[in-house]
Amino acid sequence: MDMKERLKIPRQPMPEQEPKVRARNFDEVPLGYTPETAKLEALRCIQCKKPACVDGCPVEVDIPGFIALVAEGDFIGAAKKIKSTNALPAVCGRVCPQEVQCEIQCVRGKKGEPVAIGRLERFVADFERAAGEVSIPKMPASTGKRIAVVGSGPSGLTVAGDLIQLGHEVTIFEALHKAGGVLVYGIPEFRLPKAIVASEVDYLSKMGVKVETSNVIGKVATVDELFEEGYDAVFLGTGAGLPTFMNIPGENLNGVYSANEYLTRSNLMKAYLFPEYDTPIVRGKNVAVVGGGNVAMDAARTAMRLGADNVYLVYRRSRKEMPARIEEIHHAEEEGIQLNLLTTPIKYIGDDKGWVKSMECLRMELGEPDESGRRRPVPIKGSEFIWDVDTVVVAIGAGSNPLVQSTTPGLDTNKWNYIIADEETGQTSREGVFAGGDIVTGAATVILAMGAGRKAARAIHKYVMSK
Amino acid sequence: MSAKILEKEQLSENVFKLVLDAPKIAKKRKAGQFVVLRIHEEGERIPLTIADANAEKGTLTIIFQTVGKSTNHLSELNVGDELLDLVGPLGKPTHVEKIGTVACIGGGVGVAPVYPITEAMKNAGNHIISIIGARDKSLIIMEDEMKAVSDELVVTTDDGSYGFHGFVSQALEEKYLLQGKKIDLVVAIGPVPMMRAVCDTTKKYNVPTVVSLNSIMVDATGMCGACRVSVGGKTRFVCVDGPEFDGHQVDFRELIDRQRIYLKEEKECMDHYCTCKQQGKGGL
Ligand SMILES: Cc1cc2nc3c(=O)[nH]c(=O)nc-3n(C[C@H](O)[C@H](O)[C@H](O)COP(=O)(O)OP(=O)(O)OC[C@H]3O[C@@H](n4cnc5c(N)ncnc54)[C@H](O)[C@@H]3O)c2cc1C
Ligand code: SF4
Ligand code: FES
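The listed protein sequences derive, respectively, from chains R and X. Each residue of the first sequence is one higher than the one before, starting from -5 at the first, in our numbering. Each residue of the second sequence is one higher than the one before, starting from 5 at the first, in our numbering.
Quick caveat, the hints were computed from the structure, so don't treat them as lab data. Among the hints, erroneous ones may be present.
As the list claims (entries may be wrong) - Now the stretches of chain R that chain X is said to cover, found in silico as 3 or more residues with beta-carbon under 8 Å: (1) 199 to 209; (2) 271 to 279; (3) 315 to 322.
We put the CB at the ideal spot given by N, CA and C, even for glycine.
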């Protein structure tokens, strides 16, 4: 195919489950490219000499390189190429906000639509997994150094994967009973099938990483005790898992959830399969989800799948300020989620048994921009109104869990209790202790957590080898 | 981590004791802390207070009452079986110091979590008055163990079939507070109505009272907020800020409501369990 023809190929759409159908099941929404569509899409890449897309990628995946291999039909080779810089392509291909990272930079997007980099990444990773061609790389001789990784989210998994391949002995300590962090407890099955996360963790185990689930560091052992046990370095990737509430009246009524609880019940504990699984969840008919980010979208779409008649997303600013990915807002609306913008709850009202039955809200208007540059919502006087709901999910952000910080003397934190760490190395104020991911930056993204993990792994390697 | 069951004993009709092989937790645990366990892949995370531990042998004792599906299932396990997951020790340990006279009060299966606190308070040099109670004589547990760590022990039964006839709160008031006996601290653990009754009593006499709350939990690491309670008008998480709180500040009404969130589902789950068992389906 010559260049002219290639330029004419339209961006290949992603086949998806019908909105009406998928709004009632937990299966994955996008169905994935076929080898044919993947090759066509790959041909749209013009193989830039100075690829702008790579600048947009936090871990600098060789994007034109892997896409060229897809165009040739060497999907396994393409997967290997991505994996040399990104250990979790099946995850990133699904959950990375490509529209503000690589794809926004793609030259094809200047006049028309960018190459569907994320979809191609997802395709090759899935192809490799389905083909059973995930091979374990040859392991180097042991260095005899031992590294403890606290937390098994994307940052911890990346650190572990990088360090095991450098010959170190790596043990991950995870508080929950399953490894994966937000990937298993937060992000729903219909966006990221848990089997994918499990196979990534399994891959690490096969390379020799020890995964110790049900171990809360700060409780069963402190960071100092890990050093006493003989670890040479410790990486902290404990995430931003502290739920935030608004502290308004009625927030402890039955039927009012934090997004973390709602999603953990549904995802980690599989409450959507109750009673086959033991953990229950309230299946509300009129559900309000408070917030405008990706977490709120996940909660709202989960509520729909649990059988709600109405799911309302209540957000205090306007659509333009919503932090959620446009694609997620679009998916949610297709599934029937109703957006109630410029609205904020001020009180939940309960019945005589302590169950939420309605919420009182205020209408807002946008005023002057605040520190974040977004226009500040200001309440409209006298606009109070009451609206009937039987379930509420509060998804207004997360903070840092203090368990490790409060048991590690000399570990410096900032005013929000996030751990202070060097951006390039993850080095904290304690010798031998490194940190990265959401516990340093505050709630961010999977790929940024992985990027931080990669940098920390390099620094940890240097540190333990020079000791 | 998984944990093997080393010993099993039935303490009363619905109360069971398991001794688990859990060296790491046994070494670290302190009075007042708890563990979370999961029996099998489909299981829920069950929080249970550590009733006792032996750091040298590496064992941990849990005592529980069968109330729903999960605890029934747990009671059917036998010596040699493995729990899929066991995590701990969780929660803040009891604040133990020598303050004088401490009344340790346990209602029903609540005697189990009171025992390690009583032992710790005794070891700290306090004079211990223990009051343990249940509906009737057959439901009184750990009387000998409690006696061994107490200076005075009162047993109560609601029906008068053994010891003091009445509630633990009444025994506390009639035998001690009303008599003007000085008590510096009360620790009360048991069903919420019992803890509330004790707190109502001790408030009248201005005796500081600590209660240990058993709210519904999921992760038990402070990540979800399922366990939240109002204490002194502030929202606190039982799993990380507690489980012990100043009983005079706890909103018991809210706690009772919140404990009832899944009543319907718990019944459904139990029914499902019974049906599956009758049909002889494995994997439960
Ligand atoms: C619902 C939801 C949806 C999201 N959607 C997206 C998306 O689409 N795209 C995207 O890029 N990002 C998304 N994010 C953000 C992204 O998931 C996080 O930025 C990322 O997971 C952070 O990785 P991490 O490794 O820092 O920590 P986490 O993934 O938070 O993992 C931390 C792990 O550490 C464990 N831990 C904590 N304390 C201890 C301790 N003391 N001892 C042992 N273990 C401990 C925790 O249990 C957890 O498993 C989403 C987040 C949520 C909550
Ligand atoms: S910027 Fe777009 S066209 Fe250029 S190499 Fe990257 S993906 Fe291909
Ligand atoms: S049980 Fe989840 S925060 Fe306490």
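The hints, checked one at a time:
no.: 1; hint: 199 to 209; verdict: holds (count 4)
no.: 2; hint: 271 to 279; verdict: holds (count 5)
no.: 3; hint: 315 to 322; verdict: violated (count 0)
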